Amino acid sequence: MEERIQRHQERRPSNWHTLEAPLNPVGGLQGQTARPRILLLDSVDVWVSNLMLEHEGTSRLELEARIVGAVRRFVACVQESDGEAVIVSSEVGHSLIATSPMGRQFQDLLGTVNQAVAEAADKVTMVIAGLPVPIKPLGTFP
Numbered sequence: 001m002e003e004r005i006q007r008h009q010e011r012r013p014s015n016w017h018t019l020e021a022p023l024n025p026v027g028g029l030q031g032q033t034a035r036p037r038i039l040l041l042d043s044v045d046v047w048v049s050n051l052m053l054e055h056e057g058t059s060r061l062e063l064e065a066r067i068v069g070a071v072r073r074f075v076a077c078v079q080e081s082d083g084e085a086v087i088v089s090s091e092v093g094h095s096l097i098a099t100s101p102m103g104r105q106f107q108d109l110l111g112t113v114n115q116a117v118a119e120a121a122d123k124v125t126m127v128i129a130g131l132p133v134p135i136k137p138l139g140t141f142p
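Just so we're aligned, residue 1 is where the sequence shown starts under UniProt numbering, counting upward by one.
The hints are simulated quantities; they were obtained by calculation from the structure and are not laboratory data.
Among the hints, a few may not be true.
Simulated restraints, written as ranges between beta carbons of each label pair [what the hints assert, rightly or not]:
| # | residue 1 | residue 2 | range |
| --- | --- | --- | --- |
| 1 | Gly83 | Leu23 | 20 to 28 angstroms |
| 2 | Arg11 | Leu61 | 38 to 46 angstroms |
| 3 | Gly31 | Thr99 | 36 to 44 angstroms |
The structure displayed is predicted, hence computed values, not measured ones.
Even glycine gets a Cβ: it sits at the ideal position worked out from N, Cα and C.
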């Protein structure tokens, strides 16, 4: 995994700034002296997973409220900025249903979070086999 991450980072342009904020990207952004013109959050699914593990043992309803609240705060932070945001997430609703309770909870939570992000977004694009498929608005792609 470390090698994979390293290759991924090496492909990025040298002028990109990386902010590691595995539990609180809003706090990470607020700690910056200048907001980025373009923000890439990669990825929502890893963030949701990190929050689930951080709050393991929390009731299902409280965990959902925490995570959805954190995502809504992130979306509000992005909407208040002058820049643009690209938010990456996995679509786990097209795969098999997880066999473990935590896996099913992750799938449910990520689906809820993805819906909240998509609702707030101007554009939503699904990438399938490397091909962009426009979801919102229908029939358009930049």
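Against the structure, the hints:
no. : hint                               : in the structure
1   : Gly83 to Leu23: 20 to 28 angstroms : holds (22 angstroms)
2   : Arg11 to Leu61: 38 to 46 angstroms : holds (40 angstroms)
3   : Gly31 to Thr99: 36 to 44 angstroms : holds (39 angstroms)
In the structure shown, no violation is registered for any of the earlier numbered hints.
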